[in-house]
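Listed below are the residues making up each chain.
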Amino acid sequence: MLTVAGLALFALPVFAVTASASEIGTRYNPDPLTALQTWGIYGGTIAGGFLIAILLAAFSGRRSGPARYRPGQPWEHDEIWVGTRPEELERQRDAQAVPGAGGASGNW
Amino acid sequence: MATGEAFSPEQLDRLNRALKQAERLSGIRFVVRVGALRGDVRLAAERTLSTVVDDPARDAAVLVVVSPGQCVVHIATTPVARRRISDASASLAALSMTSSFSLGDLVGGLTYGVRQLAESAGSPASTPAAIRSSSSAGSPAVY
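Residue numbers (the working numbering), protein chains in the order written: chain A, 1 to 108; chain B, 1001 to 1143.
Do not take every clue at face value.
Said to hold, decoys possible - The following label-pair restraints were derived from C-beta to C-beta distances: (1) A:PHE59 <-> B:LEU1025: 37 to 47 Å; (2) B:ASN1016 <-> A:LEU9: 34 to 44 Å; (3) A:GLY100 <-> B:LEU1012: 24 to 34 Å; (4) A:LEU51 <-> B:LEU1012: 32 to 42 Å; (5) B:ARG1083 <-> A:ASN107: 20 to 30 Å; (6) A:GLY100 <-> B:CYS1071: 20 to 30 Å; (7) A:THR38 <-> B:GLY1104: 25 to 35 Å; (8) B:ARG1038 <-> A:LEU9: 23 to 33 Å; (9) A:TYR42 <-> B:GLN1021: 34 to 44 Å; (10) A:ALA57 <-> B:GLY1035: 23 to 33 Å; (11) A:LEU33 <-> B:LEU1012: 55 to 65 Å.
What the hints assert, rightly or not - Just a sample of chain B residues kept apart from chain A, beta carbon distances all over 10 Å, derived: (12) PHE1007; (13) GLN1021; (14) GLY1027; (15) VAL1032; (16) PRO1079; (17) ARG1115; (18) GLY1122.
Worth flagging that the hints you see were computed from the coordinates, not collected in a lab.
C-beta: ideal position from N, C-alpha, C; glycine also.
Model the full structure from these sequences, guided by the hints.
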């Protein structure tokens, strides 16, 4: 979506300038484009679109806020608790293994 | 430590809702801890489990500990919760979680795993002990 918008933003003025040029020949015999104009329209539009898309992506990436955890990367964040944290209990207990506790482990 | 939270507020909200739903369904307290662990993961999880409930010997609680850096998950159940969530069920839930974790979906794996644990525990009223107590307290059984 952003790429299309960027392309339109870049291409529309170019096409508008071209269309508003006074000497464009007739519909049967248009004036030929110079090599520079051809490259400007066909190459410049594409390159400009990519440039705008890259700039928009870089800008939005910088604006996205704090770094989230990315899978596969080492964990460099504080621990996260969901549910009751030990500090939230009125009577805090020493950490000791409970006899008869169960469970299972897994690796990935 | 990196600045900011590892999970977005939306992800934390999703996890919170999954835990609340699991607690409502099963009557068991669920706690999830994501972060680095030192030493034996199982021992660390069981020690941590004893700190998140008032009475570890009487309360039903499940602690899911995930260490993304070490790629380890451990599900610890209190003795009371273990009667309803067997080690085999916990192992299946751990397997489901690690399948999602290996695809990079940490929150999805936790959400699904917690839901699976709650479903394997069932509702408090459907446990054999509850059925026995309700049948003895209610009208006489017809044979």
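Now the hints, each set against the structure:
no.	hint	in the structure
1	A:PHE59 <-> B:LEU1025: 37 to 47 Å	45 Å, holds
2	B:ASN1016 <-> A:LEU9: 34 to 44 Å	42 Å, holds
3	A:GLY100 <-> B:LEU1012: 24 to 34 Å	32 Å, holds
4	A:LEU51 <-> B:LEU1012: 32 to 42 Å	37 Å, holds
5	B:ARG1083 <-> A:ASN107: 20 to 30 Å	27 Å, holds
6	A:GLY100 <-> B:CYS1071: 20 to 30 Å	28 Å, holds
7	A:THR38 <-> B:GLY1104: 25 to 35 Å	46 Å, violated
8	B:ARG1038 <-> A:LEU9: 23 to 33 Å	54 Å, violated
9	A:TYR42 <-> B:GLN1021: 34 to 44 Å	57 Å, violated
10	A:ALA57 <-> B:GLY1035: 23 to 33 Å	31 Å, holds
11	A:LEU33 <-> B:LEU1012: 55 to 65 Å	57 Å, holds
12	PHE1007	6 Å, violated
13	GLN1021	12 Å, holds
14	GLY1027	14 Å, holds
15	VAL1032	4 Å, violated
16	PRO1079	4 Å, violated
17	ARG1115	14 Å, holds
18	GLY1122	16 Å, holds
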